[in-house]
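*Asks:* Residue strings, one per chain:
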Amino acid sequence: MGYEWDFGIVLRDFDVLLLGLVNTLKITILALLFGVPLGLGAALLRLSSNPAVRIPVGILIEFFRSTPPIVQLFWFFFALPLLTGIEIDPFRASVLTFSIQSSAFFAEVFRGGIVSIERGQWEAAKAIGMARNQTLRRIILPQAVKRMIPAFLERVIELMKTTTLVATVSYADLLYQANNIAQSTYRPLEVFTIAALMYFAILFPISMTVRRLERHLARTGETTAH
Amino acid sequence: MTEVLRIENLHKSFGANHVLKGIDLVVEKGQAVVLIGASGSGKSTLLRCVNFLETPSDGRVWLDGTLVGHQSNGAMDYRESDLIPIRSHVGMVFQHFNLFPHMTARQNVMEGPRTVLRLSKAECIERGEKYLRKVGLAEKMDAYPSHLSGGQQQRVAIARALAMEPRLMLFDEATSALDPELVGEVLQTMKDLADEGMTMLIVTHELGFAYSVSDKILFLHQGLIHEQGTPDEILVRPSQTRTREFLRGHATFRLPDAEF
Ligand SMILES: Nc1ncnc2c1ncn2[C@@H]1O[C@H](COP(=O)(O)OP(=O)(O)OP(=O)(O)O)[C@@H](O)[C@H]1O
Ligand SMILES: [Mg+2]
Chain A
1 MGYEWDFGIV LRDFDVLLLG LVNTLKITIL ALLFGVPLGL GAALLRLSSN
51 PAVRIPVGIL IEFFRSTPPI VQLFWFFFAL PLLTGIEIDP FRASVLTFSI
101 QSSAFFAEVF RGGIVSIERG QWEAAKAIGM ARNQTLRRII LPQAVKRMIP
151 AFLERVIELM KTTTLVATVS YADLLYQANN IAQSTYRPLE VFTIAALMYF
201 AILFPISMTV RRLERHLART GETTAH
Chain B
1001 MTEVLRIENL HKSFGANHVL KGIDLVVEKG QAVVLIGASG SGKSTLLRCV
1051 NFLETPSDGR VWLDGTLVGH QSNGAMDYRE SDLIPIRSHV GMVFQHFNLF
1101 PHMTARQNVM EGPRTVLRLS KAECIERGEK YLRKVGLAEK MDAYPSHLSG
1151 GQQQRVAIAR ALAMEPRLML FDEATSALDP ELVGEVLQTM KDLADEGMTM
1201 LIVTHELGFA YSVSDKILFL HQGLIHEQGT PDEILVRPSQ TRTREFLRGH
1251 ATFRLPDAEF
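Protein chains in written order, with the working numbering: chain A, 1 to 226; chain B, 1001 to 1260.
Some clues are possibly wrong.
Stated by the list, open to error - Estimated spans, in silico, between C-beta atoms of each pair: (1) Ser1149/B x Thr193/A: 28 to 38 Å; (2) Asp89/A x Asn1073/B: 51 to 61 Å; (3) Leu83/A x His1018/B: 49 to 59 Å; (4) Ser1072/B x Ser207/A: 28 to 38 Å; (5) His1018/B x Arg137/A: 48 to 58 Å; (6) Asp15/A x Leu1117/B: 52 to 62 Å.
Stated by the list, open to error - A partial selection of chain B residues facing chain A, derived with a Cβ cut-off under 10 Å: (7) Leu1053; (8) Glu1111; (9) Leu1119; (10) Ala1161.
Stated by the list, open to error - Quick look at which bits of chain B chain A covers, simulated, 3 or more residues with Cβ under 8 Å: (11) 1076-1085; (12) 1240-1248.
It is worth saying that the hints were derived from the structure and are not from the lab. We put the CB at the ideal spot given by N, CA and C, even for glycine.
Chain A with its partners taken away, still in its complex shape:
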């Protein structure tokens, strides 16, 4: 095989790839910023004792967990404007989709963490007169969040990888830029190798952190990761 690698031609456009990476991170971080609190709220509603709250929220969460994210993205990008008459640009559609989509997964991470805390903790707090929301905030969540960290980071990795779908609605993320450069330079091998390395450079440290935390938490018996 006599393929001649030529990274030079590709590296000339490295700033374009970097811009793509920044855009990828922008979507990921915004989706986290909206998705995590939304997920916590959804988890709390799903844990409500009132079935009129618990059941619809549960169905909604499951809906977003069991439909392909690309379908959701297309729906928000193409169908929502038809319904509402409001045009939505690729950036907003992407942030909207991935905030909601990831919140459904974070909801389950939060719920898993919360229900993993023994009933005795709720009871001890209740017995000194603490209200439900005080107990949640001061006793349950601090313990649950610690146990959730590996599962949470796992979802962050998943999320960032899934954001590559935004290229399909022409949002200039890393994959979209790589694709463009590949087409203009006829160097797909080099371009996608570099793009892969860029994703790897961000996600590998997170993945290693998960590994390390899991080992640590397994020792203290505190993980809810699978």
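Based on the hints, put chain B with the ligands in the right spot on chain A.
*Replies:* Same frame as chain A, but now just chain B with the ligands:
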């Protein structure tokens, strides 16, 4: 004498399981009342109805002479907002301690004064130290529960309840989860409290302790108070066959020779 706790005709069912079938009970200020009975007889359920960790199915509960809850159409209606002040005036100690593992001993004890009573930081710290000292743990204030022995953890749990300065303390088998050599220190702490005049309702299998600490012992059987009286009346000269059978099952407690 003033009544701290009055219970009338208390019932509790879990589905079809009718656990408490009409309990009447009065605890006077300064009394230590011990509840004994077989496993599953409803001792824990009774204690948990007193601080409303369980909602009674029927009956009335008075604390300090005040009826808990609202009456509506002859039944009782309990709102969370009414129960929170009740719970903050009734301390509870659990079999498995249930300390908050992410907080030091001092933070555990300060948590109630801080979040429930909303005392100033200085007052919370003062209470934390006062009650940890009281249970003999002045040296362990900054230790996390996982670094304490079972006996020490249970004493922190007692301090945590005491820091609310409760009118009544409930103990649900506070020593059952402890290694035998650690039981003594916790019983001693409880005995000291009783001697200081704390009003206590205690579930325990330690009959020797029950005998020495209590003013009154109740034997719970099939959802009812089957027999009650002074420690001597219940543990030494029980009049009911069931009570005698129950006591005979406790090999570690030898009844003093008595004329049955
Ligand atoms: N939350 C609950 N839901 C359903 N049933 C319950 C619940 N709590 C207690 N019970 C039932 O009520 C009965 C009495 O239980 P309880 O724990 O009060 O007994 P106990 O006298 O404290 O026993 P032990 O000495 O084993 O602690 C048991 O049959 C138990 O299964
Ligand atoms: Mg019990």
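*Asks:* A separate judgement is required for each hint: does it hold in the structure or not?
*Replies:* For each hint, the structure was consulted:
For the pair serine 1149/B and threonine 193/A, the beta carbons lie near 58 Å from each other, so the given range of 28 to 38 Å is not met. For the pair aspartate 89/A and asparagine 1073/B, the beta carbons lie near 59 Å from each other, so the given range of 51 to 61 Å is met. Checked against the hint of 49 to 59 Å, the pair leucine 83/A and histidine 1018/B passes, with Cβ atoms roughly 55 Å apart. Between serine 1072/B and serine 207/A the C-beta distance comes to about 58 Å, which lies outside the given range of 28 to 38 Å.
Evaluation of the 48 to 58 Å hint for histidine 1018/B and arginine 137/A yields a failure: the beta carbon distance comes to about 37 Å. Taking 52 to 62 Å as the suggested C-beta distance range, the pair aspartate 15/A and leucine 1117/B conforms, at roughly 60 Å. Taken as an interface hint, leucine 1053/B checks out: its beta carbon lies about 6 Å from the nearest beta carbon of chain A, inside 10 Å. Given the 10 Å rule on beta carbons, the hint for glutamate 1111/B holds: about 7 Å separates it from the nearest Cβ of chain A.
The beta carbon of leucine 1119/B is not positioned within 10 Å of any beta carbon in chain A (closest approach about 13 Å), and the interface hint is therefore violated. The restraint placing alanine 1161/B at the interface with chain A holds, with a minimum CB-CB distance near 7 Å, inside the 10 Å limit. Coverage of the segment 1076-1085 of chain B by chain A holds in this model, with 3 residues showing a Cβ closer than 8 Å to a Cβ of that chain against a need of three. A count of 0 residues in the segment 1240-1248 of chain B with a Cβ less than 8 Å from any Cβ of chain A is obtained; the coverage claim is therefore unmet, three being the minimum.
Checked against the numbered hints given earlier, this structure breaks hints 1, 4, 5, 9 and 12; the rest are met.
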